[in-house]
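**Q** Sequence:
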Amino acid sequence: MRFALIGHTDHWAEYGPMLKEEKDVELVAVTVGAPEETLERVAKAPGVSGKTKVYPTPEEMFREEKLDLVQVATRPDLIPKYVAMAVERGVAVMAEKPLAMDLETLYKLYGTVRAAGVPVAAMHAQRADGPLCAVKQAVASGAIGTPLLCHSQKSYKWRGNRPDYFRTRATFPGSAGYVGLHAIDWMYWILGDIFEAVTAYGTQAVFADYPACESHSGYLFKLADNRAATFTLDYLRPNEAPTHGDARVRVVGTKGVVESVFNDGYATLIDEKGARQISGVSGLAWYTSFVRAVKGVGESFLSVAAAFRITEIALKAQQALDSGETVSLKDSPYAGH
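The numbers in our numbering rise by one with no breaks, and the one at position 212 of the sequence shown is 212.
Check the hints yourself; a few may be wrong.
To be verified - Straight line, CA to CA, 25 angstroms or less: simulated BS3-like cross-link-like pairs of lysine-lysine:
1) Lys66 / Lys53
2) Lys20 / Lys44
3) Lys53 / Lys295
4) Lys81 / Lys23
5) Lys222 / Lys330
6) Lys295 / Lys66
7) Lys108 / Lys255
8) Lys108 / Lys81
9) Lys255 / Lys273
10) Lys66 / Lys20
11) Lys51 / Lys23
12) Lys20 / Lys295
13) Lys295 / Lys23
14) Lys330 / Lys295
15) Lys295 / Lys255
16) Lys295 / Lys51
17) Lys66 / Lys81
18) Lys273 / Lys295
19) Lys66 / Lys44
20) Lys255 / Lys222
21) Lys20 / Lys53
22) Lys81 / Lys53
23) Lys51 / Lys66
Note that these hints are calculated values from the structure, not bench results.
Please read all numbers here as calculations on a predicted model, not as lab measurements.
Model the full structure from these sequences, guided by the hints.
**A** Here you go:
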């Protein structure tokens, strides 16, 4: 399988374990996707060999190379352009999230992907985290009964300056569409597509030079049958904290509660037997499962429709935050596909 990279932004090195597991996947070409990325860095990517070709632009790479799979991990505003460029040539894509920064572009890209019939997935990598898998498995097994409430948290250190593309909505989707998408993904994964509406509040109160990225925000999701999910996101974790991030999830059901502070490395199940630690088995690596699905072996960890639906929910959560209004999550063009 002929594999290529576009860009070296965010979680761009996530493909590394997949290369070790799938010996027939060869990294044949690399290029940059945004002006701030450098050929020097991408040319030193994991898996690059003497046979790997370095191209100045994605356009030239696609003209010269016959590819089976490409990873797009570049500035957020450029992701849909390169995803479309790949699928129109019949090339499968693993993309950094979000797949698009606005609903119109997302819908147009979905049409392009469906017309091409090419596998596409996004880097919803936290589905492989052991504590999150434990929560997912506890809910799926019925251990807490019917889920009624869910709360999630993502807190990060700001760490000095962020990249310049964080400064403007021309290049940054807002915090919900960026890191918030991870929590929205795991809520969707654990609870299913039962999202009906979202209300949100937040602002940039600390880092004035980065108005496009909220320093803090909170989201309330109305779920089916008057259930509810909440989610808070901030970039206010002190630099002195022992870890860069602090992610948490808690699901309350009719028969019990399951919760996890991801940094602890386990989840806690509380039911009629009391409280006890549980661990989760992540199973096949997410990236590898996608690559094998491209080969026709098994199913991807994330369907095309789910990738677009989760992105839609995140973008509408950002829309709710920006507008101060409750935004409907019903009647999705991606549901049921």
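**Q** Give a verdict on every hint.
**A** Tested hints:
At roughly 12 angstroms between alpha-carbon atoms, Lys66 and Lys53 fall within 25 angstroms of each other, so this suggested pair holds. This hinted pair checks out: Lys20 and Lys44 have alpha carbons roughly 17 angstroms apart, not beyond 25 angstroms. Between the alpha carbons of Lys53 and Lys295 the distance comes to roughly 23 angstroms, so the proposed pair stays at or under 25 angstroms and holds. The suggested pairing of Lys81 with Lys23 is violated, with an alpha-carbon distance near 29 angstroms, which exceeds 25 angstroms.
For the hint linking Lys222 to Lys330, the alpha-carbon distance of about 11 angstroms falls within 25 angstroms, and the restraint holds. Using a Cα cut-off of 25 angstroms, the hinted pair Lys295 and Lys66 holds, with the two alpha carbons roughly 16 angstroms apart. With a C-alpha separation of about 43 angstroms, the suggested pair Lys108 and Lys255 falls outside the 25 angstroms cut-off, and the hint is violated. At roughly 11 angstroms between alpha-carbon atoms, Lys108 and Lys81 fall within 25 angstroms of each other, so this suggested pair holds.
As the CA atoms of Lys255 and Lys273 are separated by approximately 11 angstroms, the hinted pair is consistent with the 25 angstroms bound. Of the pairs offered as hints, the one joining Lys66 and Lys20 holds, with about 22 angstroms between alpha carbons and a cut-off of 25 angstroms not exceeded. About 16 angstroms separates the Cα atoms of Lys51 and Lys23, which keeps this hinted pair within 25 angstroms; it holds. For a cut-off of 25 angstroms, the pair hint linking Lys20 to Lys295 stands: about 16 angstroms separates their Cα positions.
A threshold of 25 angstroms between alpha carbons decides the hint, and for Lys295 with Lys23 the separation of about 13 angstroms falls inside it, so the pair holds. Among the hinted pairs, Lys330 with Lys295 is inconsistent with the structure: their alpha-carbon atoms are about 34 angstroms apart, more than 25 angstroms. Of the supplied pair hints, the one linking Lys295 and Lys255 is violated, its CA atoms being roughly 42 angstroms apart against a limit of 25 angstroms. In summary, the hint linking Lys295 to Lys51 is supported, as the alpha carbons are separated by about 23 angstroms, within the 25 angstroms threshold.
Distance check on the hinted pair: Lys66 and Lys81 sit about 19 angstroms apart at the alpha-carbon level, within 25 angstroms; holds. With a C-alpha separation of about 45 angstroms, the suggested pair Lys273 and Lys295 falls outside the 25 angstroms cut-off, and the hint is violated. Annotation: proposed proximity of Lys66 to Lys44 holds, straight-line Cα distance about 22 angstroms (limit 25 angstroms). Distance check on the hinted pair: Lys255 and Lys222 sit about 21 angstroms apart at the alpha-carbon level, within 25 angstroms; holds.
With a C-alpha separation of about 20 angstroms, the suggested pair Lys20 and Lys53 falls inside the 25 angstroms cut-off, and the hint holds. Distance check on the hinted pair: Lys81 and Lys53 sit about 22 angstroms apart at the alpha-carbon level, within 25 angstroms; holds. Between Lys51 and Lys66, the direct Cα distance comes to roughly 15 angstroms. Compliance with the 25 angstroms bound is thereby established for this hinted pair.
Comparing the model with each earlier hint shows violations of hints 4, 7, 14, 15 and 18; every other hint is respected.
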